[in-house]
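Enquirer: Single-letter residue listing:
Number of protein chains: 2
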Amino acid sequence: MDGQVEEQAKRRARGGSGGAGARRAARQNPTLVQMPAIERSLPPYEVLDEAGLDLIERNAEAILDEVGIGFKDYPRALDLWEQQPGARVDREAERVRFEPGMLREILKSTPQDYTQHARNPERSVHIGGKTTVFAPVYGPPFVSCLDKGRRYATIEDFNNFVKLSYMSPYLHHSGGTICEPCDIAVNKRHLDMIYAHLRYSDKPFMGSVTAPERAEDSIKMAKIVFGDEFVENNAVMTSLINCNSPMTLDGTMLGALDVYAQHNQACIVSPFILAGAMSPTTVTATLTQVLCEVLAGSAFAQLVRPGAPVIFGTFAANISMQTGAPTFGTPEPALVLYGAAQLARRYNMPFRSGGALCGSKSVDAQAAYETNATIIPAVMAGVNFMLHSAGWLEGGLVASYEKFILDCDQLGMMHTFAKGIDLSENAQGMDAIREVGPGGHFLGCAHTQANFKSAFYQSTTTDNGSFEQWEMEGKRDSAQRANAIWKHQLETYVAPPLDEDKDAALQAYMAERKASEADAFS
Amino acid sequence: MDGQVEEQAKRRARGGSGGAGARRAARQNPTLVQMPAIERSLPPYEVLDEAGLDLIERNAEAILDEVGIGFKDYPRALDLWEQQPGARVDREAERVRFEPGMLREILKSTPQDYTQHARNPERSVHIGGKTTVFAPVYGPPFVSCLDKGRRYATIEDFNNFVKLSYMSPYLHHSGGTICEPCDIAVNKRHLDMIYAHLRYSDKPFMGSVTAPERAEDSIKMAKIVFGDEFVENNAVMTSLINCNSPMTLDGTMLGALDVYAQHNQACIVSPFILAGAMSPTTVTATLTQVLCEVLAGSAFAQLVRPGAPVIFGTFAANISMQTGAPTFGTPEPALVLYGAAQLARRYNMPFRSGGALCGSKSVDAQAAYETNATIIPAVMAGVNFMLHSAGWLEGGLVASYEKFILDCDQLGMMHTFAKGIDLSENAQGMDAIREVGPGGHFLGCAHTQANFKSAFYQSTTTDNGSFEQWEMEGKRDSAQRANAIWKHQLETYVAPPLDEDKDAALQAYMAERKASEADAFS
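Respectively, the protein sequence lines represent chains V and S.
In terms of my numbering, the first sequence opens at residue 1 and continues consecutively.
In terms of my numbering, the second sequence opens at residue 1 and continues consecutively.
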């Protein structure tokens with residue numbers, strides 16, 4: 001990237017639109033509309049007062065001091081901790097205990113926000129503060145659609161979801177492992193995934209975290225597109241580091257976190273907790289544990305490179321105490337989410353949580369109730385980075401084509417909601433009320449005519465017509481309507497432009513890396 | 001009702017449980033569990049600051065002064081307003097204009113909360129303050145179920161929904177016209193509806209508002225059960241007075257409001273607004289109009305009888321500007337709902353809004369997304385009385401048996417959510433975290449064992465098991481599971497006890513009233 005592009009990237013990162021890149025893309029794909037990341041006008045909702053936050057913080061400090069955190073199979077982490085005054089390292093147990101207050105000190109170097117650059121500067125996103133960025137589902141080994149049912153995901157599915165994410169006006173981010181391309185060797189599929197994000201989209205994306213060398217591959221491929229120097233000086237990836245709850249970071253995740261932090265790339269340090277199994281059954285204890293894990297993992301990143309961007313992550317769900325099954329969209333995780341957002345703000349860190357979570361096996365009412373019982377709290381909590389925003393089904397085992405489309409529509413509504421209430425003279429509409437008066441109607445009045453186009457959020461998936469019309473059209477439910485939409489989108493997809501030399505270099509890098517080792521399938 | 005029962009009613013109204021009534025009901029129906037109305041621990045969410053509220057109030061005062069409110073086909077209302085200094089009555093236009101500030105003065109006599117008594121004192125509800133009361137859907141001419149599809153509602157359907165409302169632990173109120181019993185004459189069906197609420201449930205209910213004499217019938221039937229003096233001194237009904245938006249109250253609604261206020265019975269004064277048609281397209285203008293309508297209607301009730309309980313109501317939805325169809329669960333009405341709740345608190349009035357609103361024709365994902373996009377904002381806004389909490393489908397044209405069951409489950413979750421975060425020593429769970437430590441799991445630890453039963457909200461409708469199990473069991477979606485649940489509930493329904501003499505007197509009253517006039521079907 002040259003200096004001018006970089007300058008533009010900085011300017012655009014806070015949600016601007018238009019510019020040369022957009023005009024170029026619009027020529028290629030005239031119907032593509034992209035919304036900038038949400039800049040919330042509404043305040044975050046808070047469920048804990050200062051005393052409650054103090055209590056949880058005090059408890060977390062006590063646990064970090066008495067019990068500590070496991071740093072497993074990664075001796076370099078123990079080495080780094082041994083150099084820190086106040087850290088007590090037990091090398092045999094691979095555990096570190098922390099003097100109260102020391103992690104807060106170390107974390108003072110984390111940026112409270114950062115820009116993640118996209119290869120199209122128009123799509124760069126600001127992460128932190130009042131911004132909310134939506135990224136698609138992450139991790140499912142299966143996909144499903146109404147035509148072919150549930151099946152293992154392939155690279156074709158992966159590419160499809162990258163394209164659908166690119167085409168959604170309401171996803172600001174291309175995500176990472178939208179689904180696992182199970183038809184490609186485990187040790188090579190990350191190459192195809194990074195390639196797809198870079199080739200079929202121009203939105204920001206996530207790097208591979210399943211081994212340190214795959215993180216290195218992600219960085220090298222990013223450098224082909226963004227340039228070496230740009231990548232070393234700017235975040236071009238935000239990658240997902242899940243804690244091994246309770247209170248453990250394993251060698252795989254520590255290795256990836258280490259690589260990304262060294263290169264100044266952003267990571268989400270995210271406890272993945274099903275309360276009742278991986279944390280105590282209560283909200284307060286779960287929040288205490290979340291705080292312990294995030295503080296320790298994020299501080300490790302700061303030891304690697306002070307100032308490396310880190311997001312305070314929280315993935316919260318329960319298990320059913322009756323069956324042991326994970327459950328989603330229930331009230332306790334919503335409370336955890338709100339509380340964790342407050343804790344993240346206390347540490348001046350961007351916050352990740354939420355998503356279109358559900359436990360349902362089909363795109364039915366259960367799926368949708370549960371989804372909005374997570375998306376709405378996440379937005380209202382003030383989430384900065386929402387992973388799993390679209391497509392999540394069956395506890396995250398499945399990426400659903402139809403649910404992806406329906407979830408995006410809900411995300412669209414959140415854009416309108418988060419703007420809050422317009423109090424401008426036009427919005428006051430006094431002349432309209434005066435004009436129409438008691439018993440009249442507003443359809444034809446001047447104010448309605450003037451505000452006609454922008455009046456209300458326009459859903460792309462709902463059917464609000466008459467029963468008779470709906471019956472005549474075959475009684476299609478929302479999943480069936482979404483089925484037609486994603487197919488149409490894939491049919492009309494046009495790839496964003498990518499410099500041919502860069503494309504060739506990416507493909508050459510992939511080919512070389514794939515030839516260098518045998519396929520592994522576990 | 002004797003003094004002792006009345007005393008107990010007062011004591012129980014704020015959400016107590018147990019007592020002689022509960023024990024008696026439990027003997028009759030051993031599985032019946034009833035949750036008291038929600039007492040919110042969490043603060044309401046606010047979308048407007050003081051300046052925004054001031055602006056809307058100032059604008060409303062200006063509209064009330066310049067444009068005024070229509071009081072149609074009810075000369076007594078104009079008579080009463082003529083006696084009020086500051087009110088300018090235009091008898092020809094049947095319109096009243098109000099000097100700024102005068103309605104606020106008149107409304108000082110409205111109680112900020114009240115108790116609505118149920119015939120079982122255990123079920124009496126406190127309405128106002130931090131309490132949230134859930135009542136079922138109101139008004140649909142149709143019902144639907146998976147077995148018989150969509151069809152006109154009958155009295156059998158009505159009775160069924162009263163029974164299902166009685167059996168739901170999460171509905172605190174029996175509601176009113178849960179569906180229209182279209183097989184009974186228009187001028188007589190209110191008798192059967194009031195009878196059903198009194199006979200098949202012991203929860204509080206709503207009176208008829210479709211004509212003043214039907215309001216009188218409602219009061220007379222209530223007196224048979226509660227006693228004359230008790231009814232004159234206590235609210236035993238909360239009834240729905242819809243404004244004829246924009247800015248009109250018609251003779252039918254004014255007549256019913258007049259009767260109920262005379263008898264000190266509670267009413268909801270509720271603009272029914274589809275923005276774009278019945279109000280301007282903007283949130284701020286809609287809130288301004290809502291405030292005008294509520295202030296004028298509620299003040300009228302205070303002219304009839306100072307101190308008569310009135311709820312600040314708001315039913316908000318949009319029309320699609322593209323098709324004219326009403327839409328539900330979209331972002332703008334959620335903002336109206338939050339803003340209206342703040343206005344209600346400004347006037348120290350209880351607030352009604354929300355509900356399981358949706359535009360979908362089937363119990364699909366659209367229905368559920370839209371429903372939670374209204375229920376969640378309503379609870380978080382601090383709603384006191386939520387009409388349409390369960391069963392609403394197709395823009396309110398249909399009461400769905402299956403959706404009723406699914407909605408009740410979501411209401412259950414709201415009970416848990418609204419409690420907020422428990423910070424007790426048990427909830428802190430420090431010993432659990434110490435006991436389990438890094439890499440362990442919490443399933444078997446002492447804290448989990450001790451909290452096992454109450455740990456998480458237990459959904460009655462979701463399926464969170466494996467795909468394989470679900471497939472083996474026939475891939476039932478949530479509507480199909482709900483179908484089995486409502487049938488089982490109706491099969492196991494046991495009526496709450498009702499004194500035989502009172503039952504006979506109710507039936508005699510109905511018979512006499514029905515014999516006194518010919519059937520009318522419009």
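If you're looking for bench data, these hints aren't it; they were derived computationally from the structure.
You may find that some hints are simply not true.
Chain copies aren't distinguished; within one or between two, either way the pair holds.
Lysine-lysine pairs mimicking DSS-like chemistry, simulated, CA-CA at most 27 Å apart [said to hold, decoys possible]: (1) Lys148 with Lys475; (2) Lys453 with Lys514; (3) Lys220 with Lys514; (4) Lys108 with Lys130; (5) Lys475 with Lys487; (6) Lys502 with Lys475; (7) Lys487 with Lys514; (8) Lys220 with Lys108.
Enquirer: Sort out which numbered hints this structure fails and list those numbers smallest first.
Expert: 2, 6, 7, 8
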